[in-house]
Amino acid sequence: MSTTPSLADQPSPTAAWPRSRLRAYIALEAFAVALGYAVAVLWDGLPTTPSRWALVAAGAVAVAIPLGIKSRRELRQEAEARSAATIAIEADTKLRLVVGDVVTPIAEVVGRVHQAADEAERGSLRGQLKQLIVEAAANLCDGERARATFFELVAGEMRAAAWFGRGDQPETVFTDAPDDRRGQEALLLVRFHDFLLVDDVRAEALPRGAEPRPGATYRSFISVAVFCAEENLGMLSVDAPEPYAFDETDLNVMRAMAQLLGAGLVDRL
Amino acid sequence: MQRGQVLPDEARAWTAGLVLASDYFAWARRRAVSKASAAIRGRLDHRRVRSEDPGTSR
Numbered sequence: 001m002s003t004t005p006s007l008a009d010q011p012s013p014t015a016a017w018p019r020s021r022l023r024a025y026i027a028l029e030a031f032a033v034a035l036g037y038a039v040a041v042l043w044d045g046l047p048t049t050p051s052r053w054a055l056v057a058a059g060a061v062a063v064a065i066p067l068g069i070k071s072r073r074e075l076r077q078e079a080e081a082r083s084a085a086t087i088a089i090e091a092d093t094k095l096r097l098v099v100g101d102v103v104t105p106i107a108e109v110v111g112r113v114h115q116a117a118d119e120a121e122r123g124s125l126r127g128q129l130k131q132l133i134v135e136a137a138a139n140l141c142d143g144e145r146a147r148a149t150f151f152e153l154v155a156g157e158m159r160a161a162a163w164f165g166r167g168d169q170p171e172t173v174f175t176d177a178p179d180d181r182r183g184q185e186a187l188l189l190v191r192f193h194d195f196l197l198v199d200d201v202r203a204e205a206l207p208r209g210a211e212p213r214p215g216a217t218y219r220s221f222i223s224v225a226v227f228c229a230e231e232n233l234g235m236l237s238v239d240a241p242e243p244y245a246f247d248e249t250d251l252n253v254m255r256a257m258a259q260l261l262g263a264g265l266v267d268r269l
Numbered sequence: 001m002q003r004g005q006v007l008p009d010e011a012r013a014w015t016a017g018l019v020l021a022s023d024y025f026a027w028a029r030r031r032a033v034s035k036a037s038a039a040i041r042g043r044l045d046h047r048r049v050r051s052e053d054p055g056t057s058r
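Line by line, the protein sequences are chains A and B. Position 222, counted from 1, in the first sequence is what the numbering used here calls 222; the numbers after and before it change by one each time, with no gaps. Position 40, counted from 1, in the second sequence is what the numbering used here calls 40; the numbers after and before it change by one each time, with no gaps.
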């Protein structure tokens, strides 16, 4: 990592953009127009009466208005181009992070899981894989202070096997018990290989069982089934205390992470 | 021409648990922003040159 400059040395996408010369051109144009107007006015000598001064002032305003309108339009166009470039840079950054810095190294770990010499090594690599997946999910999804959790399905129940992100440890256990409506819904989501994205748990009409438990610290979440072929392995979730923290891109990141995890956790036949 | 590792040492260090996820992602994000900025600027410059060249623009 020593080859990469420190954070302080790295320009932000917008700051790194070459400083535009547009303002300098506009100032130069305004100066040239003002000079031309002054020369034209002074050609016959200074105005001598108030009415001539008023005429000169009116002429100056008439010259300045189109120049001002043009420069405002040009500056607005430049600002729009800059913000489009910033958005493009953000999108490209995320693509590089997901594909190059996350999926590629995690896929290598998945391969090593299936090459493990014995169960102990395989179990260790799988533990590592679960942790890598939640670290990646929490870091890649856009939510401020996001938390990612993998709820592993064991003997019909799901409990947190790995988590990463904001402080509080997830304690929910999803069961099929008759009084555990949330557990039943979560298990159904896994059984049907579904996902669920909720923008705001307080504002939306949620399916029964998808509402958060009392005292929950999140407003938005994504939950995705983790499976491989017909084998159900659990549920990968990311949540955030802000509403509308996640979008379609985050959902696709979560789907990819869940499938990578499923590929690493499934037993070879 | 470009040649390099499929898995950079930094990524190997993260998957092996030798560096914290926060350190790895901070490094990866800085590098991705830097490369993305260069790529987008390059594409925009390329497009600008093409549109200013009467021989290639329609």
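No lab work stands behind these hints, which were simulated from the structure alone. The C-beta atom is built at its ideal place from N, Cα and C for all residues, glycine as well. Hints may contain errors.
Simulated restraints, written as ranges between beta carbons of each label pair [as the list claims (entries may be wrong)]: (1) B:Met1 - A:Gly68: 34 to 42 Å; (2) A:Arg159 - B:Arg47: 49 to 57 Å; (3) A:Asp194 - B:Asp9: 45 to 53 Å; (4) B:Ala39 - A:Arg76: 43 to 51 Å; (5) B:Asp9 - A:Thr249: 25 to 33 Å; (6) B:Met1 - A:Arg202: 52 to 60 Å; (7) B:Asp23 - A:Pro66: 49 to 57 Å.
Okay, the hints, checked on the actual structure:
The hint said 34 to 42 Å for the Cβ distance between Met1 (chain B) and Gly68 (chain A), and at roughly 51 Å that hint is violated. A hinted range of 49 to 57 Å for the beta carbons of Arg159 (chain A) and Arg47 (chain B) is consistent with their spacing of about 53 Å. A beta carbon spacing of about 38 Å between Asp194 (chain A) and Asp9 (chain B) contradicts the range 45 to 53 Å that was offered as a hint. Taking the beta carbon of each, Ala39 (chain B) and Arg76 (chain A) are about 26 Å apart, not inside 43 to 51 Å as hinted.
The hinted window of 25 to 33 Å between Asp9 (chain B) and Thr249 (chain A) holds, with their beta carbons roughly 28 Å apart. Checked against the hint of 52 to 60 Å, the pair Met1 (chain B) and Arg202 (chain A) passes, with Cβ atoms roughly 55 Å apart. Our hint of 49 to 57 Å for Asp23 (chain B) and Pro66 (chain A) holds, since their Cβ atoms are close to 55 Å apart.
Consistency note: the structure conflicts with the earlier hints numbered 1, 3 and 4.
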